[in-house]
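> What follows is each chain in one-letter form.
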Amino acid sequence: MNKQAELIRQVSGVEPLKCMKCGKCSASCPSYEEMDIKPHQFVSYVQNEDIEALVASKSLYKCLSCFACIERCPRGVKPGALIDAARQVVVRQRGQQYLSADEIPALLDDEMPQQLLMSAFRKYRR
Amino acid sequence: MTYSYYPGCTLRTKARDLDKYARACAEALGFTLEELPDWQCCGGVYPLGTDEIASKLPSVRALDAAKQKGQDLVAVCSACYHVLKRVNDDMANVEDIQTRANNYMGLEDPYKGETKVLHFLEVLRDRVGFDELKKKVVAPLTGRKIGAYYGCLLLRPGKVMGFDDPEDPKILEDFIRALGAEPVVYPYRNECCGGYISLKEKALAGSMCDKIMDSAGGFGADCLVTACPLCKYNLNQSGKLPVVYFTELLAEALGVKEVAL
Amino acid sequence: MSVKNEEFRPVIVAFCCNWCSYAGADLAGSSRLAYPADVKIIRVPCSCRVNPMFILRAFEKGADGVILCGCHPGDCHYSTGNYYARRRMTMLFSMLDFIGVENGRTRVEWVSAAEGVKFSETMNSFVDKIRSLGPNVRLGDLRCKD
Amino acid sequence: MQRIGVFVCHCGSNIAATVDVKKVVEMALKEQGVVHAEDYPYMCSEAGQSRIGEAIAQKKLTGIVVCSCSPRMHEATFRKAAERYGLNPYMVEIANIREHCSWIHKDMEEATEKATILMRAAVAKVHLNAPLQAGESKVTKRALVIGGGIAGIQTAIDIADAGYKVDIVEKTPSIGGRMSQLDKTFPTLDCSACILTPKMVEAAAHENITIHTYSEVEKVSGFVGNFTVDIRKKARMVDIDKCTGCGVCQEKCPSKKTPNEFNRGLNNRSAIYTPFAQAIPNVPVIDTDACIKFKTGKCGVCQKVCQAGAIDYTQKDEIITENYGAIVVATGFDTIKLDQYGEYAYGQSKDVITSLELERVMNAAGPTKGHLERLSDGKAPKEIVFIQCVGSRCSDDRGKPYCSKICCMYTAKHAMLIRDKYPDTNVTVFYIDVRTPGKNFDEFYRRAVEDYGVNYIKGQVGKVIPQPDGSLLVQGVDLLDQKRIMKKADMVVLATAIEPNPDVRKIATMLTASIDTNNFLTEAHPKLRPVESPTAGVFLSGVCQGPKDIPETVAQAGAAAVKVIGLLAKDKLKTNPCTAKSDELLCNGCSTCANVCPYGAITYETKLINDHGIREDRRVAVVNSALCQGCGACTVACPSGAMDLQGFSNRQILAEVDAICR
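Chains as they are written, first to last, in the numbering used here: chain A, 18 to 143; chain B, 1126 to 1386; chain C, 198 to 343; chain D, 6 to 667.
Be aware that a few hints might be false.
Claimed, not checked - Here are the simulated lysine-lysine pairs, DSBU-like style, with alpha carbons at most 35 Å apart:
1) A/K75 / B/K1270
2) B/K1270 / D/K493
3) D/K189 / B/K1365
4) B/K1237 / D/K189
5) B/K1284 / D/K342
6) B/K1284 / A/K75
7) D/K342 / B/K1295
8) B/K1295 / D/K493
9) B/K1284 / A/K20
10) C/K326 / B/K1382
11) A/K35 / B/K1237
12) A/K38 / B/K1270
13) B/K1336 / A/K75
14) D/K511 / C/K315
15) D/K387 / B/K1365
16) A/K38 / D/K189
17) A/K35 / D/K384
18) D/K493 / B/K1327
19) D/K342 / C/K315
20) B/K1325 / D/K300
21) D/K405 / B/K1295
22) B/K1365 / D/K405
23) D/K35 / B/K1336
24) B/K1336 / D/K511
25) A/K35 / D/K493
26) D/K300 / D/K355
27) A/K20 / C/K326
28) B/K1284 / D/K189
29) B/K1259 / D/K511
30) B/K1365 / D/K111
31) B/K1192 / C/K326
32) D/K355 / B/K1270
33) B/K1325 / B/K1192
34) D/K342 / B/K1259
35) B/K1365 / A/K35
36) B/K1295 / D/K189
37) D/K146 / D/K111
38) D/K300 / B/K1336
No lab work stands behind these hints, which were simulated from the structure alone.
When you get a sec, could you build the whole thing from the sequences and use the hints?
So, in structure tokens, the structure goes:
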């Protein structure tokens, strides 16, 4: 098995074979239209070990971790955890962080809660 | 009754109000929030990766500290509550995480998810009781039409959070009713505000908040109430309706708003 | 666990009631749901037919674990047999515990005729448990050994 | 000393591919008392059986062990074969080396070793077998059918037509069941009531059928051929013989605010009511929880207006006891509760309804008189969305893991009927898969698409979003072109999963019939005995056994009837000879065994006992072998070790234990 596919499976704890391809995850996703690879496709990409396309996908940074897909999946597949694991695989690599320290000052404003920065750091950086 | 209290980073800075009102209301309602000494930031998001341990440790420390005191652990911020509750669930049910986290911590008495994590709203519902709360209201918010905004973190995943029906919650509506106002039920109340994505994807978060505001406004809400500083921030960027913390409403109704500040 | 336990092939006796658990075992078989060959099944009409004496005899003769499977509470073919079995086994197991036979060596499980998966999972987990406990030396009658 | 023959079956390659059958034969010959051992490709075949016969004759065998499939499959076959060749059938033991060995193990050495041990255990047991004689019990030539839906009605009619008496026990005030709630039926679109009512009338008029409506089975005892059943006839408060069914009482009843169960709670009914116009019997009942007379003591309007004097407030529940030879369970189904599916806004919007509710809306006798209208504002819907698989095929604990089977077809039916009657109403169906196996089923579905222009979209819906203007926004995706769909609808219909009637658990427990994890009753064999419960004398009809549509239900109802008729046609049944037996010399007359016996099969007699020369009168246990079912509870309870179970004696089981642990 492809090493990265195996890693994504392990980190996410998701068994893609449970998926019955109903599309409810995509139907629930608030970011659906922003995504190039749709939530339900993540499952088959991992199943088919097409990891190259997956890690290059901009969907990794569109997922909100809102857990709507996880909540509603009738088969307990957790597509959101899969997307998160794919993002982890990327940002854990050197030089692959999605948020650099340099760009932060420009993104800040006075009202912005610490929580937002913390969360973004956790999601976008190693 | 005394609870261990985990305020979280934002309640110490941008969301001071959320914290102050919570403490004042607690006193008014006859319970005490005892802040944990040396708490560390929960990280804002729950680390979904099954191999992530270090990022869960601040939560484990807080949970264990509450266990040492024999108290339930209360959070007010949705994100802190979410992270604490999920880490606690891991510590109780996921053997691998339990073992590895305890190995890191090197505790004499390993932590196995013994602490009960409560959101301030749960204390109101399950410990104080909304009927009891209603009796303590001195300045009912009569005539106000308030939309409850839950967001994601309080509710999902429903099985772990066990907070309310994740698809059709009612705790905030009951809360609003207890304060004498009229709750406005609208379908986007459990849809995401955009969360952390607003840092780099302002437009995407903005469109989500617009949908929420439009839906609430359409059903007649004149303001939204939330428990999450990030939700409040994101919703405020849309600005179609005013957004307040639930503790502020509570303080107002209990007549302790001025005392708090 | 240790290498020793890898090599250890326990002897496990499973008493299964004819109506639910034995049929569940059959279903596990026809569904090809594997469990270790260490498990040998004895068919009894009902879990209440299992005399504590049978279990003691098994341990005495060298069994390392004994499991009793019956219908789910309320589903007994003979209405109440599994309740009797449950009470008797509770008594027996506490006595076995008292004389030093580890609690994990005995188990009561309810498996219906439709639960092939549960049967297989139960046997797998029971065998794992017995393997981790190692051979039964406490009750084994040394005179029975070759 | 027994002379034992061991017969090892290859079962084609089912056993032989994993178990070295020759080796098992070789090992068998080393066992004490084994004078013959052989293997054969198909032991259960005619040729295989005659080899057993030859061995019995030539080697003068007194007992045989067949190493083959489960005794639940072929024990009876080999017992009959033994009997044919002059051996007592109870001298046969089966070693299950297929289901319990070859099918679950891969390693040949390991499997062969296990098969050998199982063979040894069976040989050890046969050593201690004794010839047993089956007794006989008589058959009560009357059947009970629990549930008066289409399944129960059809089973009852078929049994009655064969000349046997049948009683139907129905919980609600009328027979008819779910089918009476349906408007039209697929795939022919004929009116449900039009085909059901004649059957209801036929059942009611049949001289061999007795119908107990508003009644429930309270207690069941006995066994195949001889069940005794207590039936609670709930107090109707209306004299069934006097009532003329004029309906005036229902019109005049001042309490009219009880949700109408027949219309799925979409409108209200009076406290005195008949569920629907064609009800059988056409006699109302008083819902005492809703009746003002029962709540306050003041009212009595129905009694005043009843010209026939049929109203009787003093009626009490009545328990009748009947004997039956066979029992058919036909308890049917209900739709699951949707409390946990908040994302579909059921319960949040009146215009989100289940398919069964839509049946009532479309029905002329329903809450809208058959006009398709929104329940919120009575307006005609112009856009209707159907959502499939709501709660079906869910492995989470919100729904059911199985396919409910009927939804694809009834949705096509609804879509077609709506497009036919209201051509300016658009219909969209969100589906995961369209499943149409059945005669003329796929053609039917294609007609909905091709002739009626129903819009099918592949993809489960994520959320139904009520809009401030009262419409509904359906959020989904079209999986085939990856597009987000935001469909505005006036009404949303949920194809809600079906589940067995919740009462079935209680009934299964009373009947000691097994039930699966989804509360469907288990059949004796999933392929070959689909209408029999593993409990002898209990038969299954309709959805209580698994999801099915009307044609399948009727077919199964007929099959169950045939099985019942086959049973009732016998005058006597052979009883199980593996019954308990007390050793009078050991019995101390303590009554412990009688206290645990679920069948009351143990009595005490004072007998003259000769205890090693001492003759005295002693009180000893006596087992009535016609009543004993052979569970063995008494054998373990007996403190003096006097009680034993024939065929599963203490010594036999201990011999098996010893053989396994050797």
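> With the threshold set at 35 Å, check whether the alpha-carbon distance from A/K38 to B/K1270 stays at or below it.
Outside the cut-off at roughly 41 Å; violated.
> Tell me if the straight-line CA distance from B/K1365 to D/K405 falls inside 35 Å.
Cα-Cα ~42 Å, so violated.
> For the pair we were handed, B/K1284 and A/K75, check the Cα-Cα distance against 35 Å.
holds, 30 Å
> What's the verdict on B/K1325 and B/K1192, does the C-alpha distance respect the 35 Å limit or exceed it?
Answer violated: B/K1325 to B/K1192 is near 39 Å, above 35 Å.
> Starting from D/K300, check that the Cα of D/K355 is at most 35 Å away, please.
holds, 31 Å
> Measure nothing beyond the straight line between the CA atoms of B/K1336 and A/K75; if it is 35 Å or shorter, mark the hint as holding.
Holds: B/K1336 and A/K75 sit about 23 Å apart, inside 35 Å.
> Do the alpha carbons of B/K1284 and A/K20 lie within 35 Å of each other, as the hint requires?
holds, 31 Å
> Going straight from one Cα to the other, do D/K189 and B/K1365 come out at no more than 35 Å?
violated, 49 Å
> CA of B/K1295 to CA of D/K493, is that 35 Å or under?
Given that 35 Å is the threshold and the Cα spacing comes to 26 Å, the pair holds.
> Is D/K35 within 35 Å of B/K1336, Cα to Cα?
With a Cα-Cα distance of about 82 Å, the restraint between D/K35 and B/K1336 is violated, given a limit of 35 Å.
> Are the Cα positions of B/K1284 and D/K189 separated by 35 Å at most?
Roughly 40 Å separates the two Cα atoms, so the pair is violated.
> Is the straight-line distance between the alpha-carbon of D/K355 and that of B/K1270 35 Å or less?
holds, 23 Å
In the structure shown, a violation is registered for the earlier hints numbered 1, 3, 4, 10, 12, 17, 20, 22, 23, 24, 28, 29, 30, 33, 35, 36, 37 and 38, in ascending order.
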